[in-house]
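Visitor: Given the structure of chain A, go ahead and fit chain B onto it with the hints provided.
2 protein chains.
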Amino acid sequence: MRFVIDDPTDPRLDDIRDLKHADKSGEGFVFGEGPLCVERLLASRFPVRCIIGFEAKLDTFLANHDVGDIPVYQVTRQTLGEVTGFDMHRGLVAAADRAEAWTVDEVLEGARTLAIMEGVGDHENIGSLFRNAAGMDVDGILLGSGAADPLYRRSVRVSMGHVLRLPWARFDGGFTTWQRGLEKLREQGFRLVSLTPHPDAVHIADALEGADKVALLVGAEGPGLTEHAMRATDVRARIPMAEGTDSLNVATSAAIAFYERQRSHRFREVDTA
Amino acid sequence: MRFVIDDPTDPRLDDIRDLKHADKSGEGFVFGEGPLCVERLLASRFPVRCIIGFEAKLDTFLANHDVGDIPVYQVTRQTLGEVTGFDMHRGLVAAADRAEAWTVDEVLEGARTLAIMEGVGDHENIGSLFRNAAGMDVDGILLGSGAADPLYRRSVRVSMGHVLRLPWARFDGGFTTWQRGLEKLREQGFRLVSLTPHPDAVHIADALEGADKVALLVGAEGPGLTEHAMRATDVRARIPMAEGTDSLNVATSAAIAFYERQRSHRFREVDTA
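Here the protein sequences come in this chain order: A and B. All residue numbers in the first sequence are consecutive under the UniProt record's numbering, ending with 273. All residue numbers in the second sequence are consecutive under the UniProt record's numbering, ending with 273.
Zero decoy hints are in this set.
On the chain A side, residues computed to face chain B include the following (Cβ under 8 Å):
1) Ile-239
2) Thr-252
3) Ala-255
4) Ile-256
Just so you know, the hints here were simulated from the structure itself, not pulled from any lab data. For clarity, every value in this text was computed on a predicted model and none was experimentally measured. All residues carry an ideal CB built from backbone N, CA and C; glycine is no exception.
Looking at chain A on its own, in the form it has when it is part of the complex:
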C-alpha cells in the first residue's frame, strides 16, 4: 500500500524522525538507505516496517521489487528533510525491526573462512570490513568485546548492506568466554591467525598456506589485537609494509588477508585440476 504524506508531523514517519541526531538503530531499528541497501534489507531476516521515498525513486524501486504488504510512504524531498533532519538525497529509506541476531553456531555452520574482530569500534571500519568480507567469500564474522554495532546506520551504509546478509554474531557473553571460544574454533579445525604489523610475524601467505579452515583475527586500528588475543591464536601474520610507513587501515588489511585466503584456494584448485 502506497500513501502520499505531506505533513512532516505525521506519526507514520516516526521511525525516521530526527534520524540525523538520534541513531535509532540503538532503539531496535535497522535502516537501509538507497535502492541497494533497501533491497538487501527486504531480503534479510529483519522484518521491514516501512519504505519511505520520493515519488520517482519509489516508482523505480517498486517496478522492480515486490514489497508485499509493507506500507510505502511517498514524501517530497523537503518533507523527508524536515522529518530526518538532513537532506537525504538518496530519496529512499526503509526501516526494519531488529530480528534475533545469528547465533555463533549459525555463523560456524559450514564455514571455512571466518573473520573475528576483537575491538573494532569504528562504525565505518566495521562497515568496510563487512563489505570486503562479503566480496571475498568470507563465510561469517564473529565480534569480540569492544566491537561496535554492525547494524548502526553508518555501518549498514558503508557495508553496502552486507551486514544484513553476511552471518555474524557476538563471540562473548552468551556463547562463552573469548578464549574458550577460540579453543572451540580450534577443535573444529580452524587455524587461528592473528593479523599484526609486527615485523617478527610471518608473511600472511605463509600463515594461510594449506589451511582447510581459517579464522582471521583483527584488532582495532591503532592498538591492534591485544597480546592476550594473539597468544590464544596459532600464528601471527603480517602484511609486509614498506620502510617508514605505518600499518594499513584495519579493513584494508583484512581485505588483503581475505584476498590471500581466496587466492590460496584458487591456486590449489588450479594445481589439482
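Guide: Showing chain B alone in chain A's frame:
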C-alpha cells in the same frame, strides 16, 4: 620562535582562518594536522609557513622536532576553534605553501611500480590510495584527468601525510596526452595493467606475473576505468569477487593489487635465492 596568541582575530592566524568552510588548500596552501602529518609536512618539499597548536601538543612536538626558524603560535583550544570554525581536537596544525609539484619525469625516475588514477574524484579515496601505495612500496602515482587534488586537506589527513612524500604528478596537460603518456610508459618497459571488476579480465596474479615494471591503472568508484583507457593498456586484471557482491572500494582494490605486486617480488626473490 614561539608566540602565545590569545586574540582569535590576530592576523598571524589567517592561514587557518575559517578552515572548516574554506578549504584553503585551493588557495595555494597545504595543511598537516596532527603530529604525524606535521612531521611529514616539515620533511616535505612544501615550505612550512607556521605551526599552530595547544601548549601541551607543542611542548611534545617541539621536544622531538627541530623546526628551525618557522614561527610557532601557541593557542588555546577555544581560540583555535574560533579561528578555524571547528573543534580541532588534535591541537596541532601546520600550514605550508604549495611548492612546484613533482614532474612526470621525477615520478618515473627509477620507478618499477606506479599507480595511475584515471578519474578518482573522491578526496577520501585519493588519500586512502596514497596511504596504501606508500605502505606497499609503490614508487609513484600519476593522475589522469578528473582525479581530484591530493593536497586537499582531507586527502592529506586520510593519506597519513603520504601525499606529501610519495612522488606524484598530473599525467595530462603539460606532459602529453593521456594515450601518448601511456605509450611512453610502455616504451620505458612498463606493463600497463587496468584494474576492473569485469569477469572476463584475468586474475590480478596472472596479470602481474613476471613483470619487471608495472603501471596499474584504476578508475573512479562506480564507473571504473573508461573503455578508452583500458584499450590503451596491455592487460585487464580483476580481483575475483564472490557471487552477488559488487566491486570493492577503489583504494581497497588498489591495495590488493599493490600487495599482489609486492608478493610476486617476494616470491621471485625467494625462488631465486
